[in-house]
Amino acid sequence: MLVDIRVQEETFSLDAEIARLAGAGFDVGGIGAFIGLVRGDAGLAALALEHYPGMTESMIARIVAQAGARFGLLACTVIHRIGRLPVGAPIVLVLCAAAHRGAALEATGFVIDWLKTQAPFWKREDYPDGQARWVAARESDEAAAGRWDTGGPSEA
Amino acid sequence: MVEILYFAWLRDRLGRSRETFVLPRDGTPSVRDIMDGLRRRGGAYEEVFAEGGGAIRCAVNQEFATLDAPVRADDELAFFPPVTGG
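Protein sequence lines correspond, in order, to chains A and B. FYI, this note's numbering numbers position 92 of the first sequence as 92, with every residue one higher than the one before it. Every position in the second sequence, counted from 1, becomes a number in this note's numbering once 1000 is added.
Source of the hints: derived by calculation from the structure; they are not laboratory data. Some hints could be false.
[Claimed, not checked] Label pairs and their in silico Cβ distance ranges:
#, chain 1, residue 1, chain 2, residue 2, range
1, A, L44, B, G1042, 31 to 39 Å
2, A, D41, B, A1055, 19 to 27 Å
3, B, A1050, A, G29, 48 to 56 Å
By construction, the Cβ of each residue, glycine as well, lies at the ideal position given by its N, Cα and C atoms.
Excised from the complex, chain B in its bound form (with noise of 0.2 Å):
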């Protein structure tokens, strides 16, 4: 299982701010794989990972990741926009 946080209009148009995710059982998936498979819900989840595609960032237990990085059983990943402080 791994934990998934959303934030800024990701969490908004999900109506969520974290949920569970339940790994396949063979083989270690990608972000990408990941993001895939929430695509695949249908919904907000397709709309928001289809068009948000080039433009949502990820973490993987809170470092920047790229779509490619591996997420192992426990990890926490989080889908944000580019970051906008200052």
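Next comes chain A alone, as it looks inside the complex (with noise of 0.2 Å):
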């Protein structure tokens, strides 16, 4: 399996990823893809996003591995972007790519599902008048993750 993980403040480009997917020189026969965008909740002006360097990468590492052996996945592409966002823009990519179509999206919704609440990021909300406040985790992310009936990455 091509694997590609990256966590960075730059934005990313779908076409380029997706080209870069296609063109590996696998049997792809289709590509999975979640895109994920800071949503202008509550008259929020961006999102903040930190992480914790080195076991961010490990973690989505384990969750990809878990992935391409669960759908036998032949590459699977995880940007996630940190720093500030401001509404509308993109956060996170997930591209996975599998000879048929069940495989590759099933396994986007596993990746995404286990990357939030498995990988180490922490999103602050920032409002035009200066608020600031963390965001609080949701338990309906533990229970989208929980579906996979899966221990996850973090009893692998």
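Both chains come to you apart, so use the hints to assemble them.
See below:
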């Protein structure tokens, strides 16, 4: 499996990343894609994202390895941005390439569900009046990861 | 000695992102023991570790850990809120 994991401030190009996977010489029949954006809740101006360098990359690598084994992926790209991102900006990209659509789509859901509960990122909401608030974790995210019926990367 | 890292609102409230913590001479403390030691410093530490109680997560050597996990010399211990990426 071709794996590419990046944590970066810069944005990403969906076209370029898809071309990279499709042109990798694998027997790729489909690519599942998830792109997370900064949602403009309640007058939000921007999100500030921070992470735990080192642990973040290793947790994402474990999630991707699990997805690769479970769904028979040929390639997987995860790009997660950090820093201050305005409303509408892309935050995260997950691309999963497989021979068939079922595996590609399921793996994409698996990776983003586990990333949300197991990768050490934190979001702060910044408002136009200068107020800032750290985002609380949501139980619905735990439930989404739990539906995959696996112990997750922490128990790997 | 142990390196302790703080993230997100814990770092904001404590006014630092990392510090060195001297372990007791005898025995192997758990993460909970170290939290108790930090709380006893008072001030912002007392507030953060008392209030945060159930909402604080930790990692030892960049692996998620429970409060019962042992902490040994030269370990890297991190305290942070539940993660909110993606």
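Cβ-Cβ distance between D41(A) and A1055(B): within 19 to 27 Å?
Given range 19 to 27 Å: holds, Cβ gap about 21 Å.
Does the Cβ distance between A1050(B) and G29(A) fall inside 48 to 56 Å?
holds (55 Å)
L44(A) paired with G1042(B), Cβ distance criterion 31 to 39 Å:
Hint holds: Cβ distance 35 Å, inside 31 to 39 Å.
Violated hints are absent here; each numbered hint is respected by the structure.
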